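With the sequences and hints as input, model every part of the structure.
These protein sequences, in sequence, are chains U and B. Numbering follows this note's numbering, in which position 223 of the first sequence is assigned residue number 712; successive positions increment by one, without gaps. Numbering follows this note's numbering, in which position 288 of the second sequence is assigned residue number 777; successive positions increment by one, without gaps.
Source of the hints: derived by calculation from the structure; they are not laboratory data. Here the structure is a predicted model, which means the values were calculated and not measured. Ideal Cβ placement from N, Cα and C applies to all residues, glycine included. Honestly, I wouldn't trust all of these hints.
List of simulated lysine to any residue pairs, SDA-like, C-alpha gap at most 20 Å [to be verified]:
| # | chain 1 | residue 1 | chain 2 | residue 2 |
| --- | --- | --- | --- | --- |
| 1 | U | K585 | B | Q780 |
| 2 | U | K585 | B | Q787 |
| 3 | U | K527 | U | R561 |
| 4 | U | K585 | B | S784 |
| 5 | B | K693 | B | I720 |
| 6 | U | K524 | U | D810 |
| 7 | B | K528 | B | K546 |
| 8 | B | K627 | B | R790 |
| 9 | U | K732 | B | L669 |
| 10 | B | K732 | U | L669 |
| 11 | B | K622 | B | N649 |
| 12 | U | K693 | U | D734 |
| 13 | U | K535 | U | Q588 |
| 14 | B | K627 | B | E650 |
| 15 | B | K585 | U | S784 |
| 16 | U | K585 | U | A539 |
| 17 | U | K522 | U | A555 |
| 18 | B | K585 | U | Q780 |
| 19 | B | K585 | U | Q787 |
| 20 | U | K696 | U | S718 |
| 21 | B | K712 | B | R697 |
| 22 | U | K622 | U | N649 |
| 23 | U | K535 | U | N513 |
| 24 | U | K696 | U | E707 |
To give a feel for the contact side, a few chain B residues facing chain U, derived at Cβ under 10 Å [stated by the list, open to error]:
| # | residue |
| --- | --- |
| 25 | G643 |
| 26 | H648 |
| 27 | E661 |
| 28 | L669 |
| 29 | L752 |
| 30 | H753 |
| 31 | G788 |
| 32 | I789 |
Calculated Cβ distances over 12 Å to all of chain B for the following chain U residues [to be verified]:
| # | residue |
| --- | --- |
| 33 | K527 |
| 34 | T530 |
| 35 | N559 |
| 36 | D594 |
| 37 | K627 |
| 38 | R727 |
| 39 | Q775 |
Next come the chains, spelled out residue by residue.
Number of protein chains: 2
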Amino acid sequence: CISQDIDHILETQSALAVDLGGTNLRVAIISMKGKIVKKYTQANPKTYEARIELILKMCSEAMVDAVRCNCRVLGVGISTGGRVNPQEGVVLHSTKLIQEWSSVDLRSPISDTLHLPVWVENDGNCAALAEKKFGHGKGVENFVTVITGTGIGGGIVQHNELIHGSTFCAAELGHIMVSLEGPECSCGSRGCIESYASGLALQKEAKRLHDEDLLLVEGMSLKKEEPVSAIDLINAARLGNPKADSILRTAGTALGVGIVNILHTVNPSLVILSGVLASFYESPVQQIISQRALSSAQGIRVVASDLEDPALLGAASMVLDYTTRRIY
Amino acid sequence: CISQDIDHILETQSALAVDLGGTNLRVAIISMKGKIVKKYTQANPKTYEARIELILKMCSEAMVDAVRCNCRVLGVGISTGGRVNPQEGVVLHSTKLIQEWSSVDLRSPISDTLHLPVWVENDGNCAALAEKKFGHGKGVENFVTVITGTGIGGGIVQHNELIHGSTFCAAELGHIMVSLEGPECSCGSRGCIESYASGLALQKEAKRLHDEDLLLVEGMSLKKEEPVSAIDLINAARLGNPKADSILRTAGTALGVGIVNILHTVNPSLVILSGVLASFYESPVQQIISQRALSSAQGIRVVASDLEDPALLGAASMVLDYTTRRIY
Ligand SMILES: [Ca+2]
Ligand SMILES: [Ca+2]
Ligand SMILES: [Zn+2]
Ligand SMILES: [Zn+2]
Numbered sequence: 490c491i492s493q494d495i496d497h498i499l500e501t502q503s504a505l506a507v508d509l510g511g512t513n514l515r516v517a518i519i520s521m522k523g524k525i526v527k528k529y530t531q532a533n534p535k536t537y538e539a540r541i542e543l544i545l546k547m548c549s550e551a552m553v554d555a556v557r558c559n560c561r562v563l564g565v566g567i568s569t570g571g572r573v574n575p576q577e578g579v580v581l582h583s584t585k586l587i588q589e590w591s592s593v594d595l596r597s598p599i600s601d602t603l604h605l606p607v608w609v610e611n612d613g614n615c616a617a618l619a620e621k622k623f624g625h626g627k628g629v630e631n632f633v634t635v636i637t638g639t640g641i642g643g644g645i646v647q648h649n650e651l652i653h654g655s656t657f658c659a660a661e662l663g664h665i666m667v668s669l670e671g672p673e674c675s676c677g678s679r680g681c682i683e684s685y686a687s688g689l690a691l692q693k694e695a696k697r698l699h700d701e702d703l704l705l706v707e708g709m710s711l712k713k714e715e716p717v718s719a720i721d722l723i724n725a726a727r728l729g730n731p732k733a734d735s736i737l738r739t740a741g742t743a744l745g746v747g748i749v750n751i752l753h754t755v756n757p758s759l760v761i762l763s764g765v766l767a768s769f770y771e772s773p774v775q776q777i778i779s780q781r782a783l784s785s786a787q788g789i790r791v792v793a794s795d796l797e798d799p800a801l802l803g804a805a806s807m808v809l810d811y812t813t814r815r816i817y
Numbered sequence: 490c491i492s493q494d495i496d497h498i499l500e501t502q503s504a505l506a507v508d509l510g511g512t513n514l515r516v517a518i519i520s521m522k523g524k525i526v527k528k529y530t531q532a533n534p535k536t537y538e539a540r541i542e543l544i545l546k547m548c549s550e551a552m553v554d555a556v557r558c559n560c561r562v563l564g565v566g567i568s569t570g571g572r573v574n575p576q577e578g579v580v581l582h583s584t585k586l587i588q589e590w591s592s593v594d595l596r597s598p599i600s601d602t603l604h605l606p607v608w609v610e611n612d613g614n615c616a617a618l619a620e621k622k623f624g625h626g627k628g629v630e631n632f633v634t635v636i637t638g639t640g641i642g643g644g645i646v647q648h649n650e651l652i653h654g655s656t657f658c659a660a661e662l663g664h665i666m667v668s669l670e671g672p673e674c675s676c677g678s679r680g681c682i683e684s685y686a687s688g689l690a691l692q693k694e695a696k697r698l699h700d701e702d703l704l705l706v707e708g709m710s711l712k713k714e715e716p717v718s719a720i721d722l723i724n725a726a727r728l729g730n731p732k733a734d735s736i737l738r739t740a741g742t743a744l745g746v747g748i749v750n751i752l753h754t755v756n757p758s759l760v761i762l763s764g765v766l767a768s769f770y771e772s773p774v775q776q777i778i779s780q781r782a783l784s785s786a787q788g789i790r791v792v793a794s795d796l797e798d799p800a801l802l803g804a805a806s807m808v809l810d811y812t813t814r815r816i817y
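Structure (C-alpha cells):
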C-alpha cells in the first residue's frame with residue numbers, strides 16, 4: 490500500500506550530524522524523529538588539516554553504517570563553535586577554544602567528498618534549532634537557549650527564526666559582560682559570562698583550589714587518572730566546602746545577570762539552559778531573575794533542556810527541515 | 490491642477506506628537522517631512538490626574554494653532570518612558586522616573602477628547618522610529634538606538650521592524666547590567682548602565698563632588714540659580730578635574746560595555762546615540778567597542794543622532810506612517 494511506503498520512506502530519512510566542540514568531535518546518524526541511531530566520538534584535533542581529515546573519515550564510516558542500519562542520509566549538518574556564515578557554509582572566526590578555525594569553508598570539502606548537501610551553523614544556534622524542532626522550544630515564538638559547556642554559547646529565536654545579525658555575530662551570549670573588570674576571557678575581553686560560569690572557568694577554579702589543597706572535603710575523593718573538573722567543584726560545594734560554594738555563587742550570579750541582560754534586550758518568553766551544567770544553573774538563574782529583572786520580564790520561564798545532544802540534534806534538524814521542505 | 494492639490498494635501502498633513510519624559514511634557518505639531526512646526530514644553534506633573542489633564546490641555550491648544558498654521562492633524566503619537574503595549578495604547582509600567590504611570594490607558598481619554606487616532610510607544614522605541622524615518626537609520630535593516638537623557642532608553646530595529654519581545658519589555662537597554670554589584674538603579678537592581686551613565690547618575694555625582702567642594706576648578710563657575718548638572722561634570726573634567734574625569738571614564742566604560750553586550754546579542758550594523766549626552770559618549774563608546782567587542786562585531790558604526798527631537802519625531806512618524814498607509 491502506498492501510504493505504508495511513504496511512511497517507510499519518511500522513517501528511514503535521516504541526517505549525518507557533526508558537532509565540533511572545544512573538546513570533542515562527534516558524528517551521529519539521526520533519524521527524522523530525532524532518534525540518535527549511532528554516535529561516534531573522538532578528541533577534536535588541534536590543527537585544521539587533522540580536523541578536516543578526521544571529519545571526513547568519521548562521516549565516511551558513518552555512511553557505511555547508515556546503509557547497514559537502513560538509514561537514507563539526506564545531508565550533513567554541522568554544528569561548530571565560532572561564528573558561522575550559514576549561507577556560505579563557512580566558519581568565519583573562532584576563539585582559541587578551537588584552534589586554526591577561522592575563514593574555513595566547511596561546506597565544499599565535505600560536500601565534494603560525500604556528495605551530499607551540507608549545512609553549517611554555530612553550535613549555540615544549533616542548540617536553539619534542536620529545541621525548536623524536538624525540545625522545549627516547539628511552538629514558542631520568542632525563546633533563547635544558553636549552553637554552558639566547555640565555553641558558553643547560545644541562540645536566539647525571534648518570531649520563529651534564528652537571529653543572525655548583520656555579521657553573523659548575534660547570540661554570542663558567552664561574551665556578554667557582567668563586570669567592568671572581571672576575569673580574563675578567551676575572547677580577549679574581561680568579565681564575560683563565559684569567564685565566570687563556563688565549564689572551563691569552573692575547572693580552572695577547581696584546579697586552583699585543589700593545587701592549594703582546598704578542594705577536597707570529608708566524604709569526597711578524586712580519581713587519580715582524571716583531571717579535576719567543574720563537577721568536582723559542585724560536589725565539594727554540596728559537601729560543605731565554603732570556598733567552592735562562593736565560587737559557584739559568583740558563577741551563578743554572573744550567568745543570571747547575563748541572562749537578565751538578554752531578557753532586557755530581546756525579551757523572550759522562555760530561556761532554555763543546556764549543556765552539562767544546565768541543571769546546576771537552573772535555580773541560581775531563576776533566583777537572579779527574580780532579584781534583578783524588571784517586573785515585566787519576571788514572567789519568563791527558565792527550564793533545563795531535556796535533549797540529550799542539542800548541538801547534534803540541531804545540526805540534524807537543518808538537514809531534515811531543508812531537504813524535506815524541498816522534496817514534499 | 491490636480492497634482493498640485495495632492496502636493497498641497499501631502500504638505501499640510503501633520504501629526505501631534507507628545508513626549509512624556511522624566512522631566513518634561515512636550516507637545517509638537519510635526520509636518521510630513523519631519524519639520525517641527527510648533528513646540529510646547531511644560532514640566533511633567535507628578536500625578537496621573539494632573540498629567541492627563543495637562544496633555545489634553547496642551548493638545549487642544551496645539552490643535553487650535555495647527556488650524557492657524559494650515560496643518561491638517563491626522564492623529565496623535567505619544568512617546569513615553571516606561572513599558573508600553575502599543576497595540577492597546579497602554580503604559581504597562583514605569584520606573585519612578587515618571588510617577589503614577591503604570592497600567593495607564595492613554596489611547597482612550599486622548600482619542601475621546603480630540604477625536605483622533607492615537608498611537609503610544611516607548612520613548613526609546615520612538616527614537617528608533619525617528620532615526621528610521623528621518624535620521625541615520627534610513628534604509629538600515631538592523632540598528633540600535635541608545636538614548637542617554639535623564640535615564641537611558643533604547644530601541645532595536647531588526648529586519649526593518651522594532652523588536653517588542655514577548656511582554657513589550659525588549660530594548661529596555663538602560664537596565665542592561667555591567668556589574669554584579671555597582672550603583673543602585675531606579676529599577677531596584679544594581680549596576681545597570683542607567684545607574685552609571687544617565688544624566689541623573691552623572692548629576693548625582695556632580696552634586697556629590699560639589700557638596701564636598703571638589704567640583705569647581707579654575708576657569709569654571711556655576712550659575713547660582715541652576716542646579717548642578719551632568720554638563721558641569723563634563724566641563725570640570727575638560728578643565729582638568731581628575732575626580733570628574735574618573736567618574737566620566739567609568740560612565741563611558743559602563744555605557745560602552747553595555748553596548749557591546751547589545752552587539753553580542755542582536756549584532757546590529759549601526760548604533761545611534763541620542764539624548765543630551767550623545768556627543769559626549771560617542772568616542773568613549775567607540776573606544777570600548779574596539780577594546781572589548783568580538784572581532785566580528787568591530788565593523789559596527791557608532792554615530793550621534795543629528796535629529797533635534799527623536800522622541801517627538803518618532804511619535805509623529807507612527808501617525809504619519811500609519812494614517813497615510815491607510816489613505817493612499
Ligand atoms: Ca550563537
Ligand atoms: Ca525601549
Ligand atoms: Zn569573552
Ligand atoms: Zn536598572
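Inset, instruction - Sort out whether S784 of chain B lies within 20 Å of K585 of chain U, counting only the CA atoms. - result: holds (13 Å)
Legend entry - Proposed proximity, R790 of chain B with K627 of chain B (alpha carbon, max 20 Å): holds (14 Å)
Inset, instruction - Take the C-alpha atoms of K524 of chain U and D810 of chain U, compute the straight-line distance between them, and say whether it is at most 20 Å. - result: holds (15 Å)
Legend entry - Non-interface claim for K527 of chain U, where every Cβ of chain B lies beyond 12 Å: holds (35 Å)
Legend entry - Pair hint K585 of chain B and Q780 of chain U, alpha-carbon separation not exceeding 20 Å: holds (18 Å)
Legend entry - Least C-beta distance from T530 of chain U to chain B larger than 12 Å: At about 29 Å from chain B, T530 of chain U clears the 12 Å cut-off, so the statement holds.
Inset, instruction - Decide if the proposed pair is consistent with the structure: K693 of chain U and D734 of chain U, CA atoms, cutoff 20 Å inclusive. - result: Roughly 15 Å between the alpha carbons, so the hint for K693 of chain U and D734 of chain U holds.
Legend entry - Pair hint outcome, K585 of chain U versus Q780 of chain B [Cα-Cα no greater than 20 Å]: Holds, at roughly 18 Å.
Inset, instruction - Identify whether the interface hint at L752 of chain B stands, where standing means a beta carbon of chain U within less than 10 Å of its own. - result: Nearest chain U Cβ about 7 Å off; hint holds.
Legend entry - Distance restraint between K535 of chain U and N513 of chain U, which requires alpha-carbon spacing of 20 Å or less: holds (11 Å)
Legend entry - G643 of chain B as an interface hint toward chain U, with CB separation required under 10 Å: holds (9 Å)
Legend entry - L669 of chain B as an interface hint toward chain U, with CB separation required under 10 Å: Hint holds; L669 of chain B Cβ to chain U Cβ min 6 Å, cut 10 Å.
In summary, this structure violates none of the numbered hints.
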